[in-house]
Each structure stands twice: as C-alpha cells, then as structure tokens.
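The numbering used here applies: residue 6 is where the sequence shown begins, and numbers increase by one.
For the record, the hints were derived by calculation from the structure and aren't laboratory data. One should not assume that every hint holds.
[Claimed, not checked] Across the chosen pairs, the derived CB separations fall in these ranges:
hint : residue 1 : residue 2 : range
1    : Arg67     : Leu148    : 30 to 40 Å
2    : His36     : Arg152    : 14 to 24 Å
3    : Asn150    : Asn8      : 35 to 45 Å
4    : Gly90     : Ser133    : 16 to 26 Å
5    : Gly90     : Ile18     : 23 to 33 Å
6    : Glu149    : Glu72     : 34 to 44 Å
Note that beta-carbon positions come from the ideal geometry of N, C-alpha and C, so glycine has one too.
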Amino acid sequence: MSNFEYSLVNHYIHDLILLGMDPGNLKPYQHALFRDWFPVAIGDPGMLMGMFLCACRNLYLRTGLKEYYWGTLQYKGGCLRYLAGSIATAPKMTQARAESIMWDVTICTMLQLASDDLAAGDSAAWKSHIDAVSHMVKLNGGLENVRGMNGLLRRMIEVLASKDRLQVRSITPNGDNTAKLYTLDDIFGKCLFG
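Kindly produce the complete structure, drawing on both the sequences and the hints.
What follows is the structure, encoded as structure tokens:
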C-alpha cells in the first residue's frame with residue numbers, strides 16, 4: 006500500500022466511519038462496520054479498491070483537488086476489473102462456504118460502486134449497480150441466503166436497494182444534497198440498527 010493509500014484508509018476510518026467521533030461513543034452500525042466489514046475490506050482486493058474509491062470521491066467532493074478525482078477513476082477502474090473477474094467465476098447455488106464468502110465480497114464491491122455513483126450524482130449508474138446486486142442476490146437463492154459479515158451485508162443491501170432508491174432521483178452533481186446523502190450516518194445510521 007502506498008502512502009497515498011494509507012492516507013485514504015485513514016480518511017475512510019476517521020471521516021467516513023467515525024465521523025470525527027470518539028471511538029468509545031460509536032453507534033451500533035459503526036461497531037458493525039469495524040467488527041464485521043472493515044477486516045474483510047482490508048483483506049479483499051476489490052473491497053479495498055472500493056474503500057479507496059469512496060475515500061477519493063469524498064475527498065474530491067470536499068476539496069475539488071484533481072489528485073482525488075484521478076484517484077476515483079483509477080480505483081473505479083480497478084473495482085470494475087475485479088468485478089469482471091469475480092462475476093465470470095460466480096459460484097452456483099450449491100456453493101461451498103468459501104465460494105459464498107467470495108460472492109459476499111463481490112456484492113460488497115458492487116455496493117461500493119453504487120455508493121460512489123450515489124456520491125457522484127449518477128443515478129443511472131447507481132440504479133445499474135443496485136440492479137446488479139439484486140440479480141446477484143437472486144443467483145445466490147435470495148436475500149435470506151446472504152449471511153456475510155454477521156448479517157451486516159444483508160442489511161446494507163436492504164438499505165441501499167430500498168430507502169435510497171427513492172432519494173437518488175433528486176440528486177444532482179455538485180448539489181447541496183450530494184455530500185449529505187453520501188455520509189454513512191445518513192445512509193445507515195437510522196436504518197441498519199435502529
């Protein structure tokens with residue numbers, strides 16, 4: 006990992022998950038992200054690129070610096086290449102648990118792309134990625150078979166595929182509502198665990 010990527014992980018942890026809060030006062034969804042999602046994201050190349058992508062997008066929206074914009078392009082391309090390989094070898098419904106874990110991280114990477122599209126205000130791409138997640142869930146036998154990350158993945162799918170589907174229609178690039186909708190607290194704070 007480069008120094009730039011370490012800084013992106015640091016930003017992701019402190020500004021996107023912790024929201025500047027004291028780690029002792031975390032909300033339930035923040036605990037779940039640290040306990041169940043973050044270790045998987047650090048260990049999987051696609052999810053790690055998705056984390057870099059989301060951090061770059063957030064920093065670009067905040068600062069307007071081109072290095073973050075170029076980072077969004079680089080990491081989005083990496084996520085898409087990763088997904089192309091993962092989807093080509095998609096497990097069948099009679100899958101082993103190891104294959105199911107691979108499928109879970111593929112779904113997570115797709116959700117990260119959808120999150121980036123939400124932040125960028127690209128509702129058509131967001132809908133395409135959410136529809137792809139829905140299709141992947143169906144291939145896996147339905148939402149009841151999504152068990153990854155102690156149920157966090159299932160709840161993330163439910164939140165991103167329903168509540169925000171209605172809100173995304175009003176998003177415009179560089180609009181006042183883009184940055185607000187992009188915070189994890191706005192998306193998951195009330196819906197995931199409360």
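Violated constraints from the hint list, given by number and in increasing order: none
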